[in-house]
Structures are given as structure tokens and as C-alpha cells.
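Asker: Below are the chains, spelled out letter by letter.
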Amino acid sequence: MLRWIRQQLGFDPPHQSDTRTVYVANRFPQHGHYVPQRFADNRIISSKYTVWNFVPKNLFEQFRRIANFYFLIIFLVQLMIDTPTSPITSGLPLFFVITVTAIKQGYEDWLRHKADNEVNGAPVFVVRSGSLVQTRSKNIRVGDIVRVAKDETFPADLALLSSDRADGTCHITTASLDGETNLKTHYSVAETSVCQSVSQLEALQAVVECQQPEADLYRFVGRITVTQHGEEIVRPLGPENLLLRGARLKNTKEIYGVAVYTGMESKMALNYKCKSQKRSAVEKSMNTFLIIYLVILLFEAVLSTILKYAWQAEEKWNEPFYNQKTEQERNSSPILKFISDFLAFLVLYNFIIPISLYVTVEMQKFLGSFFIGWDLDLYHEESDQKAQVNTSDLNEELGQVEYVFTDKTGTLTENEMQFRECSINGTKYREVNGKLVPEGMTDDSPDGSTPRLIGEELLFLQAVSLCHTVQISYDQPDCLVGGGDPFSHANGFSSNHMEYYASSPDEKALVEATKRIGVAFTGSNGDVMEIKAFGKAEKYKLLHVLEFDADRRRMSVILQTPSGGKVLFTKGAESAILPFTTSGEIEKTRLHVDEFALKGLRTLVVACRHFSPEEYIDVDRRLNAARTALQQREERLQEAFSYIERDLQLLGATGVEDKLQDKVQETIEALRLAGIKVWVLTGDKHETAVSVSLSCGHFHRTMNILELLQQRSDNECAEQLRRLARRIKEDHVIQHGLVVDGASLSLALREHEKLFMEVCKNCSAVLCCRMAPLQKAKVVRLLKTSPEKPITLAIGDGANDVSMIQEAHVGIGIMGKEGRQAVRNSDYAIARFKFLSKLLLVHGHFYYIRIATLVQYFFYKNVCFITPQFLYQFFCLFSQQTLYDSVYLTLYNICFTSLPILVYSLFEQLVHPHILQNKPGLYRDISKNSLLSFRTFLYWTLLGFCHAFIFFFGSYILMGEDTTLMGNGQILRANRQLMFGNWTFGTLVFTVMVITVTLKLALETQFWTWMNHFVTWGSIAFYFIFSLFYGGIIWPFLHTQDMYFVFVQLLSSGSAWFAIIIIVITCLFPDVVKKVFYRHLQPTSTQKSQSLSAPQAQTLSCMESLCCYQHGQSGCSRLAHLLEQMTGQCKASANNCHASSNRSWSDTENFYSNDRSILTLSPIEASHC
Amino acid sequence: MATSYNAKDEDGHITVSGPSGGTLRSKKPENTAFKQQRLPAWQPILTAGTVLPAFFIIGLIFIPIGIGLYVTSNNIKEFEIDYTGVDMSSPCFNCSQSFSWNSTRPCTCTIPFYLDQPYESNVFMYYGLSNFYQNHRRYVKSRDDNQLNGDPESLKGPSKECEPYAKHDNKPIAPCGAIANSMFNDTLELFYNDPNGTKIQIPLNKTGIAWWTDKHVKFRNPEGNNHNLTAVFQGTTKPVNWRRPVYELDDDPENNGFINEDFIVWMRTAALPTFRKLYRIIPRKSSMVPTLPSGNYTLEVVYNYPVRSFEGRKRMILSTISWMGGKNPFLGIAYMTVGSVCFFLGVVLLIIHHKYGNRNNSADISN
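Residue numbers (my numbering), protein chains in the order written: chain A, 1174 to 2342; chain B, 292 to 658.
The reader is advised that the hints may include incorrect statements.
Unchecked claim - Distance condition first, Cα-Cα at most 27 Å in a straight line; then the derived BS3-like pairs of lysine-lysine:
| hint | chain 1 | residue 1 | chain 2 | residue 2 |
| --- | --- | --- | --- | --- |
| 1 | B | K451 | A | K1498 |
| 2 | A | K1608 | A | K1850 |
| 3 | B | K458 | A | K1836 |
| 4 | A | K1934 | A | K1712 |
| 5 | A | K1287 | B | K432 |
| 6 | B | K451 | B | K462 |
| 7 | A | K1489 | B | K576 |
| 8 | A | K1510 | B | K458 |
| 9 | A | K2261 | A | K1457 |
| 10 | A | K1287 | A | K1230 |
| 11 | A | K1489 | B | K318 |
| 12 | B | K319 | A | K1498 |
| 13 | A | K1451 | A | K2101 |
| 14 | A | K2101 | A | K2247 |
| 15 | A | K1287 | B | K318 |
| 16 | A | K2247 | B | K646 |
| 17 | A | K1510 | A | K1489 |
| 18 | A | K1836 | A | K1457 |
| 19 | B | K432 | A | K1489 |
| 20 | B | K646 | A | K1498 |
| 21 | A | K1836 | B | K432 |
Note that these hints are calculated values from the structure, not bench results.
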């Protein structure tokens, strides 16, 4: 029992032995030594709580937070000592805060439970007692034989037993695990692969022994013991026999496998990283402020305690005749009394730490994050995907980004390779409608006639369609996947729908292109590759594959042609092939390749070499020798490869386009205008990267491009860096762009980090190519930890970007083609790169302003709240008498002032979103956490203190040191001048405070929706109604009736009303004056853009989005000027329609239809925008 | 870009996109004003132009109000006399020196004073105390509202908040607590010295000085309407410092016991250490004759209340009131000050608006 508990709590690892023994189909041996083992079931648990442990566990977690713990301590102190306020005053808010947080966390956990249940409840087929049984995924136990059909994911880690193929192999794709999209072949053991039916499996007697679960996806060591006809056959099992949970079965009708690791022990689950908690800059400054306030609190408490004892030194103050102490008080020890006095002051002032700050911030983030998902502008119609928020904790960080690190392929580009052009034997061709058209010729040949390709062209196409490592997946005819190529029918293919799978999208694009043109790769069978060239099937025997590697940057195949000749086809980067070519149109091809690269196409060069029989024997011998070498195999292989891949005959070059995503250029330009530096980190080679960089506007043509490439040694690298730094210094007029490759980067980072940073900071664009995933993360960390501590954002779509996404302050996943890995590990996920600009410039800006004001306002209102209480101590002998009634103390933060700020922080829009998007420069206004800088914090805090002084001394003076401000009680009895007591005084201060604090927020509010009106005026009204009600009853369970009719008496006095009005106005009008003066004398650009009245802004923004960025700023401003002239005439009436901030054109007044007609007349097409 | 325009465009697109789009529920967010964060809103901008009128209006309203308040306050007549007896010359010096709680013979002193203006309408008479901390926490909570509300159980067993004034000689104290115990017990009487030499006592109203709700709801004698208060308070003892038990505070049964108005007024603890409390009301006789004509008066004090031990002061105040309460020049001054500052700033803003306003509007944001 105890062990079970410990296991549940995760103290004990459940396994002790090094291996686990799995009896296939759970047929345990009837005799012999059998030790039952416990395995986890196949449940995936991502939820944190269960119904039973929710309350204790959640409470425990919540009180681990410093603030909550602090209030718990205060509450306990109140229970223990003789306190000025009842324990309820801090107990109730604490309870409220804890409950709200618990509800939120409970809801989130419920969502996780639901997701878990969906996964755990997915139907699976399991072989049980001789038949195929459908059950739920969670019921799979270790040892069960599971059947998985095509295109299903594996529900657990399975050891492959058999597939529908005779050789017992199957293909899977692990895109969702590691992002690799190519097909992988997995094998089964010969003894089990024959068991292709349930009945055969039923007869199978086998035991799998394997290691205990571990996280490494590529490691699996085990063996299977099959008992056949009484004898035991032992076979080794490796990773190629293991089908991982989460991978998908492809190209194979069905497989049977035995579950080896289930549930949380599967490799996928073990790879679940508990996401490192990212904390936003706002939260960090919030904590700093809290500490400052804690210091203020301690200071006030210590000061009060000391002053109290200073006063008490004299008997006449300590114990006058009218106010004697009890015996107990007189006799208690002075030290204890001192401590309890200190604690009492602490309790009295503890409200200066805003208790509801955290819960409000949390609610704001949680509720506010819905707006991202709801935004139509972040919705991608084609893929039907909306933006997705994984962590609402970082909303405001989106408004603080200084560096954007972006992946290239799939993020800036579509990751949809399209074959565009090729160069064959010195002639350029374009692909038009599935035909190759030589340059200069139009596609006017009548349709249907098969173009006759001359020898070189055919050879080129054969080379392209044979020299690759593509695999084919045949779709079943009844499958409705629309991936089939329409051209396959046009070209007379009657075969099934084919889908190519390749680890490189370029290869896939090339093979698909040759298929369209007429030379189709139809599959490989063993070592025979089949192509259909214009309907004629050809079989090539694959003799050798010279695999691709990053150093050679090319790959080759050696084939035996149908006619028996041996030929080598090679393809690779032009710098890796052209030097080894001896024949063919080398110069022309080189020119073409450069042209392609300039167009941003990814280029590959194709060459071939025909072997004479003698040559081939030599080649074969060398290759085999190298492959079987026991020592220095790598070197010898390299040597052999370079021996073989020479004297090539150049066939031609291909140009494959990776289409840029929509509006990438505008987005990057907008980000740059917003003061964000964009770094492109890519695994691509430097030429392609630079050309894409140029075409997407990351690099400008006018930019001076610095290079740090192929540095081989430390010194060389340092020298180059110094040279670059010098060049930047000499020429600081033009912008610089830096290109670094992975190898040089690692050198630069190893020794010369500072120098490198120096260079980088002075470059307006940086491009890092040939980056390994880990290097990407390293670059991010380098920037993150640099002295300025900039806020970084990483955006990517593939598994190789995950480390970078997790490293950066904000990680954004693109929902692209390369699996969901990036999305799952990101904080936010969007469908397209272009959405980034709205996400940052609009949502980020809003969230930041909202939360910054929220935080500052919270501190402000609590200073206002508690400082009068502190001041009152000077007038009551530091006796810890409260100024306000306990109920007011309790409800101030949770009722009277909570909702307006929450609504503000959800709906505030300082500037119209369109202006924000169209004027990226506004983003700079909030950079560097400017709204939470120490200066603004000081401003708010001092403002709080000032207001508190005005509340207190205003009431003090107006009420008089005598009770001159007295109700004349006209309502109750004519002309009676009645006196006020201390509670009335406190209520006056409190009333003034509630009104002022609420109105102060109203002054900050720029965007008054009906909800703002409702909660602002509602809060004040609620305060009055509540006070009337609270003071109107003798409360049966309270032992003092201090507040009875106090509020009514206060309000029935005319001068009280006069006092309230004058104090509120005195507090607020300097603030208004300050705002107006700053706006006029030192306007921020945000404020400037506010002063564009709403309808004006609207038309203006329409205008600006018309002239897209390619047209340059000058054209834009000219148009804007024109517009301004037109709208300038109607400014007077425009002022009247401040309220109509609706974006749609149709909703604006008829008046503006004039403008619209002018807009439509303008030469620029509106459809651009 | 006009979003609604755009959205309509996309909507059209969806219908074209074929049956697959129709069968699958689109994840497309709804195009509602709320979800797209474009709820209709009022967007006020604080510029000189918008603030200007407000400032002028505030100025124009506040200055007259301030003047009105100031004049009203100045019209209120107030007379104050300190009878503590600190100085040797003071008539009450002897009484203040020879104080003891259990002296049987009350000490009286007579203070003459002169009113140079006649006091019309109702005149309010206060006593004022200084350096008396009614707002000390130990003091404020030292009361039992249940007892004062006539709860019989609390009468016999006062709350422990009343300590050390809860019990005396093992008998419960009624009313218990430090506040009640230290009730102000000087008796003040006012005489008008007629020019012809006679001394006329001025009638003082003891009732109507407490809040109506206090007298009728919050404070109640035990056993409601039983007029025999002596029997009701049987078994309790008087507060230590009191000379008489609570049921002998007044002859009038409506003003005796816990509902004695002097007692109720005292029980409302003052906010600050220097305070005044309403003592009596001098009702006006008729609209013809001033309530207190100018002339010589005598204040006769039965000096019971010791304040010298804590350097306190005792005062007697006579005051008329206006519609806005007692004399308080500050309110008027505050209104006049704020009003004029607003007005002045309004002028400054007008200048700013004139000079910078136009430029500001046309200025574009440099990206």
C-alpha cells in the first residue's frame, strides 16, 4: 500500500530490473519461473489533478506563490494576535483569490482531461482470445498484439511482428516525432512475419525481452524468443523493429505488433518536455515592484512601532485616566508586546500589497488571450486555421519584441517546391503545362502531340528521375486523399494514385516534375528502379548509391541501363559538380545557374558519367573495399567517391522555386520599421539563403552585405570579424547586412562572442545559413543573454526549430507542412508568417499597454487605500485604530475597485488597430518595457501618495479639527447640527477614495465601450447602494454597530457633498493638466496618431494600405497628404463622429462616400490590399 | 483595409470552395464586433481643445460657489471660551487644582463673557475637549453595542471588549467600557446679565442633540418601555467614574438610561484628539427677538471633569449654523482656489491650444 502511494506520488520508480520481459499476447508460461511485472497502462496523462487530489494539490501549488503565502501568513498572524482588523479582512480576499485561481486551473485541467480522454478513448484493434477485438486505446496492455491499419498512428510503442507484405516490412513516417517527412522502412523478424492472420498469431509463442523505457527515440535493444515446435529461436531486436507511438503507418495495409512500452512509458510520452516556465518582462518588473512595496510596508510598520513607543514613554499618553489598560495588558512581556505591535501594524498596512493583483493579471491574460484566436485577420482561409494560444502568460511580451529569429523554409516560404526552369545542354527551358519549352519559344504546339525530345533532354530527364532516394506510396483507389497528380491521367497513367515521399522536398519536386513532363519514376522493387518514359517502361538496376553528405554536397547513383551499360548520375550544388565536369556546356550552364539563383530558385546541377566495363570493375572494387573497410571507413569512402565522381559530363541544371509566402516582404519591412531586428536562421546553403533573403526584403539591394563564411580557424575568424567591424565603422551611412554560416558561427561564438555581437548589433539584417537546430538555439541564447537583455522571438515551423522556439522569450510556431512539433512547443501558433505583424504590432501593443496600466494602477489604488490609514495613526497615538470599517477594508479590492480595471485591461485600445498596423513606428513607443520603467512606477506611486494625502488632509481640514463639518440633518430633523465621529470621518475618506480611484481609471481609459461605462459608473453606484444597505441595518451577528446610519448621515450633510466634489476634483485635475501639457508639448507618436480622429484615421489607413510598401513611402505620403487636404475641410464634422470607430466603410456616414469614390478612382488596385 | 469588406469577400470564397467546405465545420472565427475587438466605443482624447471648456466651466462654477460658501461661513457667529482654569487668574483655577473623583461637594466656577453681536435663530452650545484621544483603539472598541441596544444578556455579562471596565465588585457595569466610563460630566449653565442688573437663566434644550437613529434604534434601554429603570438596572453597578447610576441621568424618562442624549453624543467617538460635541440647543424665541442678544453673560460651570492630567483643555462654544453646517471658511477657500486655478489654467491652455494645437493636428508621425 505504502509503495503504491509512493509510486503514485512519483517517488519510487516502478521498475527495478534492467530489462522487461513481455509475453506476446500475454501468454505467460504455465510452469517455470515467472515473475509478474507491473507495467503502466496505455493511458496518456497530461492533466495535473484528479477529482480527489484537486483541492489539496491545488492549494499547495497556490501557496507556493510568494504573494499568496504572504497573505496566508498575514491571515494567520491576524488569528493569533490582537489585531486592529478582523481576520476576515484578509481571509476573505485571500479565499476569493484562491477560489478564482482554482476555478481557472480546474477548467484548464478539465480541458486537458478531455484531450487525454480523446486520446485514451481512441478505438484500436487488439487480438484477444483468438479474435480481433475493438477496444479503447487506454486498455492496451503491455504484451497485447495490436493491429494498425494504413494511415493510422500507433497507439503504443510496438515491436513489429508482421505486416501484410511477405517480407514483413512496413513504411512509417515520424513527422510528428522528429519532423522527418521521409518514409522509413521497419522490419519484422522472419519467424513472426509469417503470422499474417489472427489465427496464426494466436498460435505464436514468443517472448520479448527489452530494456526499460528510455527517452532516446533512436535506441532500442531487445530480443525476441520464438518458440516453434518446441525449440526456442532467439532473434535480436533493434530500433528498426520498433514502431513508435505517434508515428504513422504508410504504404502498408496493416501490421501487427506487440505493445512493448505503453502510456507514459512510451518514447513519445517520455519526450514530453515539461515546458520551461517562461516569464514575461512585465511579470519580472511586477515582482520588483512588489518587493519595493514590501519594503515600504516594512518601513511604515517599523516607523509606526517606534513612534508608538516614543509616545507611550509618557504616562499621560500611555494610560490616561479615561483609557486604562487591563491587567493582562500591563503584565505581558515588553518584547512580546513590541513584536505583536509590529505585527499589528503589518496587518494594518498589509493591503498596500495588492492581493488581487495576481488573480486579476491571471484573469486578464486568460480571458484576453481569446482575442488572438478570435481575430479574423489571423485566420487563414485556405488551411482553415486560426491563431492558437498555448501560453497566455506571454501576451504582453508580444509587445516587447526586439529581435525576431525566423526560420526560412516553411516560415518565410511556403515549403512547396515547384520546379520552374532547367538548363539542358546550354539551353534554358521553362515548364509550361507539363511540357518543357525552350527559352524564346512559345507554347504553341497543338495539345496532345507528344513533343519529341532530343537525346540530351531525355538523358537529362532520366538522370533527374533516377538520381534520388524518393519512395512511393500508393494510395488505395477508394482513398479520397486528393494528393493525386492531375497530370498522371493526362499522360495516360492508369496506375494508382502515387505519392512521393522524400527527405528532401527538392527531390520530390524534381521527380514530380519529370513525371509531369513524361518520364515518371514508378517505383523501386528491390534494387530495380522502374521509370516510364513516355509510356515505355524501363528498368534500371541500382548498383550503388553514393549518399548525400554535407561536405561533398552531391549524391550519385550508379545504374545498369536496360541495355546493359553502367552509368553514374550525380546531382548536387553547382560548386560541388562544375569543377569535376569535363564536357558539356559548362560556361552556359554556369551562367544559367547564376541566373536561377538570382531569381531565388534553388539550383541543382545534374551530370553523368558512362563507365566502360573495365572502369566499372575498378569502381565497384574500390567502393566495396571502402565500404567493408574496418578502419578509417569514412575517409576511404570519401576517397572512393571523389575518385568516382570526376570526368563528368554536364547534363544541365534545375531551378526549383520555393515560393515565398504572401506578404513576407511587407511583414519584414513593418517589423523593421517597428524597431525589431530580423534575423533569418536557416539550414539552407548560403547562396540560396541570400537570394531568398533578398527577394523577401530581408536584405536590400542597397545594403552592404558583409560575409563571415567558411572560416576554418579561430584566428582567421577573429581577423575577419575585426575587418568587418572596421568596415562598419568606416561606412556607417548605408545599412549593413551580415551573412554567417554555421561553421564560422560556432568559431565566432567560441572565442569572440563580444566581437561578433558588436558586428551583429551594427547590422540591420543578419542571415545565418547552414545552421544546425542546436545552433539556432545557441544564437538565440547569445542574444538573450547579451548585456541589454533584449526580448527575443523565434518563429519556425519544423522540428528543427523547436529548440529555438523554446529558447526564445516568445516562441511562435507556424502551422505548416512539417508536422505539428513546432506548434506544440510554441507559445503561440499562427498559420502564416504575415500574421506576425498583426500579432506583434496590434495584439502585442494592446496587451502590453493593458497589462502595464493594470499593474501600475493596482499599486496606485492600494497606495491610495492604505496611506490615509497610515496618516491616521499620527492622530490616534499609533494605537492601530483603523480608519475604515472592516467591511470596507475587505471589499475595497474585491468589489469596489476590481471590475473597472479588469474591463479596462480587456478592452482598452489606445490607438485604433489599423493605425497600429499601418504605422509600425508606434511599436517603438512601448519598447524596452517603457510603461513599466522605474520612472512611470515612481509617478504612479507618488500619485498614489499625493492622492492619499489629499483625501486625508482634505477631509481633515474640511471636517475641521473640531467637527465643524457637521450634518445639519435636514432630512431627519430640521436644522439640527449633529456631530460626526471617527467612523464618519473614515467613511468620508473612503467615499472620496473610491470615487477618485475609479475616475482616475476613467481618465486613463481611451476606449469606452458600453462595458466600461457599465462597470465604471456601476462600481460607484454599487458602493453607494452597498453602503446605504450596510449602514441601514443593525447587523445581528456583529458585536459592534459602528457603521449604523453613518453613511446616510454623511450624505445628508450638504457640506459633505461639497467636500467630496472638491477633493475629487483637486485630485484629478492636476493629472488632467499634466496629460494635456505633455500631449501638446511632448507628444509621443502614439498620442499623435490618436489625434487623428477616428473616421479620418480610418480613411487614412485605407489609403495607406492601398499603397503597399513596394511603392515606397514617398508615394504613400503624397496620397495621404491629398487625403488630408480633403478631410481637413470636414474636420469640424469629423469631430462629431468620434464615436463611430467602426472599421467598415459601409458604416460610415454618407459624407465620406466622396472620399471613397476618389479612392476607387486611384490607379492602384484595391485588390492588392 | 476595411475588414468587414474583406470578410464579405472571404465569405463568398467559402461558398465556392465546394462540398468539402460545407461538410466540415470551419474553424473560422465569427465576425462579430465583440470578437474582433471593434465594439462601438467613445474615444475621448484629452487635448487642450476638449479640456478647455471643462476648465472654464469648473472655474466659472467653483468661484461663485466658493464665494457663497465663504460668505455663508463668515456670517456664522461663533463664540468660544476656554474654562479649563490653567491660569492663576482664571475663575476655574481652584476647581481644576482641587480635583478628586470622590469629592462629594461639587466645585463650581463662574465665567463672565460678552457677546458683541446678537445671535439669531437657533444657537448651538458645544463643549470642546483637546488632547483627548477618543480615537485610541483601546478606547474605541471598549464598548458593548449589544448592551447599549438593550440586550438583557449583555447587560448582565458585558463583552470582554469592555475590559477593564466590564465589572466592578463582581457586578456588571452598565454601561460598560472605557467610553462610557469617561463620559463628560461638567454641567454648563448660561445666564444673561440684563443691563438692569437681573440675571436671567437661558433655557437650554437637552434633546435633539443626538442622531435620531441612534436615539431610537441603536440605543435602547433594557426591557423596552419599562419606565422603572431602577428595577431594570438592578444587579448592575454604575461606571467607576460616574457619580450617579445610568438610570438617574435625567428626570425625563425619554432621556434617561441608555437613551440619554448626552450619553449618546459622548458614545460617538470623535475622529481627532481635538473635538467638540453638541451639548445643548438654545431654541429661538421668535423671529423678532434675537435668541442671544448682545451683552454680558455668565457661564456657570459645575467643574467635574479632570483634563489637567493629560494637558487637556475644556471649552464652551456658542454657534449659529447655516444651511451648510457650522463655521468652516476652508470649504469656501478651497472652492475659490481650485476655481481660480482652473480658470487660470484654462487661459494657459487656450494659449497653448492656439499656438500648438494646429501644428499638432497636421503633424504626421515619422516612421
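Asker: Hints first: check each against the structure and report whether it holds.
Answerer: Evaluation of the provided hints:
1. K451/B / K1498/A: The hint holds at about 13 Å.
2. K1608/A / K1850/A: The hint is violated at about 43 Å.
3. K458/B / K1836/A: violated, 87 Å
4. K1934/A / K1712/A: violated, 57 Å
5. K1287/A / K432/B: violated, 55 Å
6. K451/B / K462/B: holds, 14 Å
7. K1489/A / K576/B: violated, 45 Å
8. K1510/A / K458/B: Holds, at about 25 Å.
9. K2261/A / K1457/A: Roughly 30 Å separates the two Cα atoms, so the pair is violated.
10. K1287/A / K1230/A: holds, 20 Å
11. K1489/A / K318/B: violated, 77 Å
12. K319/B / K1498/A: Cα-Cα ~72 Å, so violated.
13. K1451/A / K2101/A: holds, 18 Å
14. K2101/A / K2247/A: It holds: about 23 Å lies between the C-alpha atoms, which stays within 27 Å.
15. K1287/A / K318/B: holds, 19 Å
16. K2247/A / K646/B: holds, 18 Å
17. K1510/A / K1489/A: holds, 19 Å
18. K1836/A / K1457/A: violated, 35 Å
19. K432/B / K1489/A: holds, 20 Å
20. K646/B / K1498/A: With a Cα-Cα distance of about 68 Å, the restraint between K646/B and K1498/A is violated, given a limit of 27 Å.
21. K1836/A / K432/B: Given that 27 Å is the threshold and the Cα spacing comes to 72 Å, the pair is violated.
In terms of the numbered hints stated before, the structure departs from hints 2, 3, 4, 5, 7, 9, 11, 12, 18, 20, 21, listed from lowest to highest.
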